[in-house]
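There are 4 protein chains.
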Amino acid sequence: MPKSEDSALPAWRHRLYEIVFEAETPAGRAFDITLLGVILASVAVVLAESVPELRAVHGELFHAIEWGFTALFTVEYLLRLLAVRRPLAWARSFFGVIDLLAVLPTWLALVLPGAQTLLVLRALRLLRIFRIFKLAAFLSEANLLLAALVASRRKIFVFLGTVLLLVLVLGSLIYLVEGEAAGFVSIPRSMYWAIVTLTTVGYGDLAPQSGLGRFVASIVMLLGYSILAVPTGIFTGELLAAARRRGISTQACPSCGAEGHDLDARHCKFCGAKL
Amino acid sequence: MPKSEDSALPAWRHRLYEIVFEAETPAGRAFDITLLGVILASVAVVLAESVPELRAVHGELFHAIEWGFTALFTVEYLLRLLAVRRPLAWARSFFGVIDLLAVLPTWLALVLPGAQTLLVLRALRLLRIFRIFKLAAFLSEANLLLAALVASRRKIFVFLGTVLLLVLVLGSLIYLVEGEAAGFVSIPRSMYWAIVTLTTVGYGDLAPQSGLGRFVASIVMLLGYSILAVPTGIFTGELLAAARRRGISTQACPSCGAEGHDLDARHCKFCGAKL
Amino acid sequence: MPKSEDSALPAWRHRLYEIVFEAETPAGRAFDITLLGVILASVAVVLAESVPELRAVHGELFHAIEWGFTALFTVEYLLRLLAVRRPLAWARSFFGVIDLLAVLPTWLALVLPGAQTLLVLRALRLLRIFRIFKLAAFLSEANLLLAALVASRRKIFVFLGTVLLLVLVLGSLIYLVEGEAAGFVSIPRSMYWAIVTLTTVGYGDLAPQSGLGRFVASIVMLLGYSILAVPTGIFTGELLAAARRRGISTQACPSCGAEGHDLDARHCKFCGAKL
Amino acid sequence: MPKSEDSALPAWRHRLYEIVFEAETPAGRAFDITLLGVILASVAVVLAESVPELRAVHGELFHAIEWGFTALFTVEYLLRLLAVRRPLAWARSFFGVIDLLAVLPTWLALVLPGAQTLLVLRALRLLRIFRIFKLAAFLSEANLLLAALVASRRKIFVFLGTVLLLVLVLGSLIYLVEGEAAGFVSIPRSMYWAIVTLTTVGYGDLAPQSGLGRFVASIVMLLGYSILAVPTGIFTGELLAAARRRGISTQACPSCGAEGHDLDARHCKFCGAKL
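Protein chains in written order, with my numbering: chain A, 1 to 275; chain B, 1 to 275; chain C, 1 to 275; chain D, 1 to 275.
Simulated from the structure, these hints should not be mistaken for laboratory data. Each residue gets a CB set at the ideal place from its N, CA and C atoms; glycine is no exception. Be aware that one or more of the hints could be misleading.
Sample of chain A residues with no beta-carbon within 10 Å of chain D, all distances over it, derived [stated by the list, open to error]:
hint	residue
1	A27
2	R85
3	I187
4	Y203
5	A207
6	M221
7	V230
Partial selection, computed: residues in chain A whose CB lies under 8 Å from chain B [claimed, not checked]:
hint	residue
8	L104
9	V196
10	T200
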C-alpha cells in the first residue's frame with residue numbers, strides 16, 4: 001500500500017488519504033469497516049439477482065440497487081485517485097485494477113447496448129465479485145499460510161506436473177480400454193475422468209463399464225488416494241520448518257554479528273565468542 | 001462442573017449432589033453409567049420412530065416409550081436443580097440448557113396441539129439428540145484435540161475464508177461458462193457445485209457439460225485436492241507444537257544456564273549440575 | 001508363534017514343526033512360499049466362481065478345484081495340529097481359528113445340505129478369504145505402522161465418536177430440512193447421507209433438493225473437508241513421536257542405570273554421573 | 001545420462017553429443033527447449049485427433065502433421081544413436097526405449113495395414129504420449145520428492161497391501177449383504193465398489209440399497225476417511241527425516257565431543273572449540 005511520504009501535500013488530501021487508505025486511524029477504520037459491509041451487500045445483490053425466481057419478482061429493485069452501489073464505488077474510486085500521491089501508479093496496482101473492475105461492468109452496459117452483448121455484459125458484471133478480495137487485507141494471519149505456500153511452490157509445481165502427466169497417461173489408457181461406447185469419447189474427455197477420479201471427486205457422470213476398465217479405475221483411485229499424501233507432506237514440512245526458523249534465537253553475536261543461533265547455543269557457532 | 005463449596009448444605013442434598021453430579025464416587029459413577037445407557041436407548045427410539053416402516057407398526061409403543069423417557073429425564077432435571085447450590089446458574093449453563101432441551105419438546109406438544117404444528121413438534125423433538133453430548137464428559141482425551149483445534153482456530157478461519165472466496169469466484173466462473181442449460185441456474189447453485197467439487201465430495205447431481213466447463217472443473221478439483229494439505233498441515237503443526245510445549249521444561253540450569261531439559265530431568269544434561 | 005521348547009519331542013515331529021511353522025529354515029521357507037502361492041490361487045478361484053459368466057461355463061471345474069484346495073488345507077491343518085506341542089492352545093490361537101475357518105465351509109456343505117442353506121453356505125465359504133491374512137506374517141514392517149495406530153487409538157476413538165455425534169446431529173438436521181420428498185425418509189437414512197457427505201465419498205444417490213438443504217450440505221462438506229486434518233495430524237504426530245523415541249540413546253547410566261537419555265547428553269539426566 | 005568419456009571421438013560427433021544430449025551448453029539448451037515445445041505440440045495433436053468433432057473436420061491435416069512429427073522424431077532418434085558412444089546401451093536405456101516408442105506406432109501402421117488393426121494402431125499411437133516423460137529431466141526438484149517416496153516405499157507397500165486385504169474382505173461382505181439384485185453381481189465387482197468407497201471417490205454407479213448394506217458402507221467410508229491418515233503420516237515423517245538428515249552435521253566436536261551441530265557451524269555451540 002503506497003504511503004504519503006510528502007508533507008507538502010494539502011492538508012485535506014492528507015486527511016482524505018488517512019480516511020480512505022489507512023486502517024489504523026479511527027476514521028480510516030470506520031471507513032474500512034463500512035466499506036466491508038457495503039461490499040458484502042453488493043455481492044449479496046449480485047448473487048440474489050442471478051437466482052431466476054428472485055430476478056422475476058425483484059428485477060427492477062436489483063437494477064436500482066446495483067446502480068446505487070456502482071455510483072458509491074465510483075465515487076470511492078475517484079476519491080482514492082484524488083487522495084493518493086501518484087494516482088497512475090495506484091491505478092495500475094493490484095487493488096487499483098480490482099477497484100476499477102468493480103465499477104466498470106455496469107458503466108460499460110451504457111456504452112455497449114444491444115441484445116447479443118447482454119450476456120457478455122452479465123459476464124463482466126460478475127467480475128464485481130473480485131471486489132471482495134479486499135477482505136484479505138483485514139486478515140494478516142493469511143500471510144503466514146501464504147508464506148508456507150510460497151516456500152513450497154516449487155515442490156507443489158513438480159507435484160502438479162507429475163499429476164498432470166499421470167492424468168495424460170491414465171486418461172489415454174482408459175480411453176483405449178473403455179472406448180466411445182462407455183462415454184470416453186476422446187482423450188481430453190478421458191483425461192477429465194482421470195482428474196475426477198484421481199482427486200477422489202468421483203462425479204459418476206463417466207464411469208468404466210468393463211472389467212478391465214474397472215481394474216484401471218481401481219489403480220487410478222488407489223494412486224489418487226496415496227499421492228494425496230504428497231502435497232500434505234510438503235506443506236506440513238514447510239510449516240514446521242517455518243516454526244523451527246522462528247525457534248532460532250534472534251540474538252546477534254557480540255563479536256562477529258552473525259545471527260541464526262539455536263536458542264540453547266552458548267557460543268557463536270561462527271566465531272566461537274561467548275554469546 | 002459446579003462444585004458444592006459449602007458444608008452448610010443439608011446432608012441429603014450433599015448426598016444427592018454426589019450421586020447426580022459427581023462421577024468419581026461409586027454411587028455417582030453408577031448413576032452416570034446408567035444415565036448413559038438410558039440416553040443411548042432414548043436416542044435409539046428417536047431414530048427408530050423416524051423410520052416409516054417401524055412407525056407404522058410400533059408407533060403406539062414408541063409414543064409410550066418416549067413419554068417414559070421424558071418422565072425419567074424430567075425427574076432427573078428436577079433432581080439436578082434440587083442438588084445444585086445455585087440452581088439458576090446451573091440452568092443457564094451449557095449442560096443445564098442441553099438437559100432442558102432434552103425434555104421440552106415432548107411437553108410442548110401438550111400445550112401446542114394442532115395438525116400444522118405437529119411437523120414443527122417433530123422438529124423440536126429431534127433436538128433431544130443433543131442430550132447425547134453429555135457423552136463428551138466421559139472423554140477427557142477430547143480436550144487435547146480440542147486444544148489443538150482452538151490453537152489453530154485463526155489459521156483455520158483464514159483457510160475457510162479463502163475457500164469461501166474461491167467458491168464465490170469459481171462458482172461464478174462455472175455459472176458463466178455452463179449456464180442454465182447444464183443445471184447451473186444461479187450463482188448460489190453454482191457455488192454449491194463449487195463446494196461439492198472443491199471438497200472432493202462430488203455428488204454428480206451437477207456436472208459440467210461443455211469442454212470449457214470440464215476444464216474449469218478440472219482446475220477446481222486439482223485446487224481442492226492440493227489445498228486439502230493446508231488444514232492438515234496447520235493441525236499437524238499445532239499438535240506437534242503442543243507436544244513440544246508439554247515435553248520440554250522452561251527451567252534453566254542454575255550452573256551453566258542451559259535450557260531445553262526434559263520435564264523429568266533432575267540434572268543439567270550438559271554440565272551435570274543439579275537443576 | 002509358538003516355539004518348541006522341549007527337545008524330548010520325537011525327531012520327526014520336531015522336523016515337521018520346522019517345516020510347517022518356522023520361516024527361517026530353508027525347508028520352512030520353501031513351505032511358506034508355496035503355501036502363499038496356494039492361498040492366493042484359492043482366493044482367485046473364490047473370486048472367479050462368484051462371477052456369473054465364469055460360473056456358468058466353468059462351474060464344475062471350480063467345484064473340483066475348490067475341493068482340491070479344501071483337501072490340501074485340511075491336510076495342512078492336521079499336520080499343524082500334529083507338529084505343535086500343545087495342539088489345543090494353537091487351535092484356539094488367532095491363526096489356528098483362521099486356519100480352521102479356511103476349510104470348514106466346504107466340509108459343512110456336506111453335513112448341511114438343502115436349498116435354503118446353500119446361500120448361507122456360500123457366505124461361510126467366503127470366510128475362506130480370511131486365510132490370506134497369513135500374508136501379514138511376511139511383512140514385519142507392518143508392526144511399526146500398527147504400533148503408531150495402537151498408540152493413537154484413544155485419540156482416534158475420540159475423533160470417531162465426535163464424527164458419529166456430528167453425523168447424528170447433521171443427519172437429523174437434513175432430515176428436518178429436506179424431508180421424505182427428497183429421499184431423506186428417516187433419520188438413519190439421513191445419517192447415512194451425512195456419513196457419505198462428511199467422508200467426502202459423495203455417491204449422489206441422496207442429494208439435497210432445496211436451497212436450505214444445499215446450504216446445510218455445504219456446511220457438512222466443509223466440515224468433512226476440514227476435520228480430515230484431525231486423524232492425519234494424530235497419526236503423523238504419533239509416527240514422529242515413535243521416530244523421536246528411537247532417536248533417544250539406548251545407553252544406560254553406568255551409575256544409576258537409568259535409560260532414555262538424549263543422544264547428545266553427556267551426563268545422566270537423573271543422577272548427574274558422566275555417561 | 002551417458003557421458004562421453006573419450007576424447008578420441010571425432011569432433012563433429014562430440015559437438016553433436018553436446019547439442020543433442022547436454023543441457024548446459026547454449027546449443028544443447030536451445031535444442032532441449034525447442035524439443036520440449038515440439039513434444040508438447042505433438043501431444044496436443046494426438047489429443048486433438050482423438051476428439052471426434054475435430055477429427056471429422058481436420059482429419060487429413062492431423063494425419064499430415066503426425067507424419068511430420070514422426071519424421072522429426074525419427075531423425076532425432078537417429079542423431080542420438082549417432083552421437084552417443086555406445087548406441088546399443090543407450091537404445092536399451094529408459095529414455096532410449098521411450099524415444100523409440102515415440103516414433104514406432106506411426107511406422108508400424110505402414111507395415112501392418114488392414115481395417116481390424118487400425119484400432120490397435122491407434123492404441124500404439126497413444127504410447128507416443130510417453131515421450132512427454134522427458135520433461136521430468138528438467139525438474140531436478142522432483143528427485144527430492146522421489147527420494148522421500150522411495151524411502152517410504154516399504155511402508156507404503158504394507159499400507160497398500162492392508163488396503164487390498166480390506167478391499168477383499170469388505171467387498172465380499174457387501175456382496176453377501178447386498179447381492180446381485182443391487183448390482184453387486186460378483187466379488188470382483190464388489191471389490192471395485194469397496195475401492196471406490198474406501199478411497200472416498202464415490203462414483204455412485206454402485207450403491208447399497210438395503211439398511212444393512214448402508215451400515216456396512218458407512219463403516220467402509222469411515223475406515224477410508226480415517227486410514228487416509230496413514231500414507232500422509234508416512235510421507236510427512238519421511239520428508240521431515242530427510243530434512244533433518246540434511247540439516248545436521250554428523251561431525252563431533254574435537255574438544256568436547258558434542259554432536260548435533262548445524263552444517264554451517266564452525267565452532268562447537270557448547271564449548272566454543274573450533275570444529
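Right, here's what the structure says about each hint:
1. Listed as outside the interface, A:A27 is consistent with that label: its C-beta sits roughly 48 Å from the nearest C-beta of chain D, beyond the 10 Å cut-off.
2. Look at A:R85: its CB is around 42 Å from the nearest CB on chain D, clear of 10 Å, so calling it non-interface holds up.
3. Consistency note on A:I187: stated as away from chain D, yet its beta-carbon is not over 10 Å from all of that chain's, at 4 Å minimum.
4. At the 10 Å boundary, the C-beta of A:Y203 falls inside the reach of chain D, the nearest C-beta of that chain being 7 Å off.
5. The Cβ of A:A207 sits about 5 Å from the closest Cβ of chain D, inside the 10 Å cut-off, so the non-interface label is violated.
6. Not every beta carbon of chain D lies more than 10 Å from that of A:M221, the smallest distance being close to 4 Å; the non-interface claim is violated.
7. Some Cβ of chain D comes within 10 Å of the Cβ of A:V230; the nearest lies about 6 Å off, and the non-interface call is violated.
8. For A:L104, the suggested interface contact is broken, since its CB lies about 16 Å from the closest CB of chain B, more than 8 Å.
9. Because the smallest distance between the Cβ of A:V196 and any Cβ of chain B comes to about 7 Å, under 8 Å, the interface hint for this residue holds.
10. At its closest, the beta carbon of A:T200 sits 5 Å from a beta carbon of chain B; the interface hint therefore holds under the 8 Å criterion.
Checked against the numbered hints above, the structure violates hints 3, 4, 5, 6, 7 and 8; every other hint is satisfied.
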